[in-house]
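Numbering (our numbering) for the sequence shown: 1 to 182.
Fair warning: there could be bad hints in the mix.
[Stated by the list, open to error] Under the rule of at most 27 Å between Cα atoms (straight-line distance), these lysine-lysine pairs were calculated in the DSS-like manner:
{"id": "1", "residue 1": "K149", "residue 2": "K114"}
{"id": "2", "residue 1": "K179", "residue 2": "K114"}
{"id": "3", "residue 1": "K113", "residue 2": "K49"}
{"id": "4", "residue 1": "K108", "residue 2": "K93"}
{"id": "5", "residue 1": "K149", "residue 2": "K108"}
{"id": "6", "residue 1": "K149", "residue 2": "K49"}
{"id": "7", "residue 1": "K49", "residue 2": "K114"}
[Said to hold, decoys possible] Just the calculated beta-carbon pair ranges, DEER-fashion:
{"id": "8", "residue 1": "T165", "residue 2": "S87", "range": "32 to 38 Å"}
{"id": "9", "residue 1": "S87", "residue 2": "P137", "range": "15 to 21 Å"}
{"id": "10", "residue 1": "N106", "residue 2": "T54", "range": "18 to 24 Å"}
{"id": "11", "residue 1": "S176", "residue 2": "E116", "range": "17 to 23 Å"}
{"id": "12", "residue 1": "G168", "residue 2": "S87", "range": "15 to 21 Å"}
{"id": "13", "residue 1": "T67", "residue 2": "K108", "range": "21 to 27 Å"}
{"id": "14", "residue 1": "D76", "residue 2": "G121", "range": "29 to 35 Å"}
Hint data in this document are derived by calculation from the structure and do not stem from the laboratory.
Keep in mind it's a predicted model, so treat the numbers as computed, not measured.
Beta carbons are placed, not taken as given, at the ideal position from N, Cα and C, and that holds for glycine.
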Amino acid sequence: MASVAAASRAVAEAKNDSDEFMRMLLAAAALLSLLATHAYARNVAVPDKDPAVTITVPDSWETEAITYGYSAQSPDKDIFFSVEFASARDVGKMIDNNAAWMKDNNIKDVPPKKVETPFNGIPATIFQFETSDDDGPTTVELILLPAGKNRVVMLTLWGSDAERTRHGAAIDTIMSSVKAIQ
Numbered sequence: 001m002a003s004v005a006a007a008s009r010a011v012a013e014a015k016n017d018s019d020e021f022m023r024m025l026l027a028a029a030a031l032l033s034l035l036a037t038h039a040y041a042r043n044v045a046v047p048d049k050d051p052a053v054t055i056t057v058p059d060s061w062e063t064e065a066i067t068y069g070y071s072a073q074s075p076d077k078d079i080f081f082s083v084e085f086a087s088a089r090d091v092g093k094m095i096d097n098n099a100a101w102m103k104d105n106n107i108k109d110v111p112p113k114k115v116e117t118p119f120n121g122i123p124a125t126i127f128q129f130e131t132s133d134d135d136g137p138t139t140v141e142l143i144l145l146p147a148g149k150n151r152v153v154m155l156t157l158w159g160s161d162a163e164r165t166r167h168g169a170a171i172d173t174i175m176s177s178v179k180a181i182q
């Protein structure tokens with residue numbers, strides 16, 4: 001009889017351990033799904049018809065259509081990013097549009113540093129403005145990429161060093177996702 005009682009207790013303990021294991025497993029699954037929710041992102045093709053480039057933007061970033069493409073802002077509005085395109089003959093208009101945008105956002109006009117370097121394997125021209133806005137020192141980068149079919153893509157990134165550090169993972173995800181469609 002003692003062995004039956006011991007076996008019965010062992011089965012009950014195993015069932016309790018199994019129930020505890022299942023609760024832990026369900027809690028872990030719930031936590032993972034919550035974490036994955038923040039990792040979702042959407043792909044954007046620019047332009048919509050006959051795309052020149054694709055890019056991935058976190059779902060938590062607010063996006064909107066703009067004159068030459070799309071813009072996105074971090075949830076706290078500290079970082080601004082845009083992806084725009086134009087035919088080679090309209091690049092001047094696109095750059096003028098960005099100069100007006102910088103003025104509208106009280107970004108001090110300073111001469112940029114110009115660098116020619118690969119960007120995700122694509123030859124790029126980067127204009128970096130180390131400047132200031134209403135909140136103090138900030139950096140604006142305009143990255144020009146050839147996009148085939150006599151088109152150019154321009155990426156714009158605006159934010160202070162502290163803001164860029166705080167949103168570093170999202171910025172890295174966005175920038176590393178840029179893919180030209182030739």
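Hint check:
no.: 1; hint: K149 with K114; verdict: holds (24 Å)
no.: 2; hint: K179 with K114; verdict: holds (22 Å)
no.: 3; hint: K113 with K49; verdict: violated (33 Å)
no.: 4; hint: K108 with K93; verdict: holds (20 Å)
no.: 5; hint: K149 with K108; verdict: violated (34 Å)
no.: 6; hint: K149 with K49; verdict: holds (13 Å)
no.: 7; hint: K49 with K114; verdict: violated (31 Å)
no.: 8; hint: T165 with S87: 32 to 38 Å; verdict: holds (36 Å)
no.: 9; hint: S87 with P137: 15 to 21 Å; verdict: violated (35 Å)
no.: 10; hint: N106 with T54: 18 to 24 Å; verdict: violated (32 Å)
no.: 11; hint: S176 with E116: 17 to 23 Å; verdict: holds (20 Å)
no.: 12; hint: G168 with S87: 15 to 21 Å; verdict: violated (34 Å)
no.: 13; hint: T67 with K108: 21 to 27 Å; verdict: holds (23 Å)
no.: 14; hint: D76 with G121: 29 to 35 Å; verdict: holds (32 Å)
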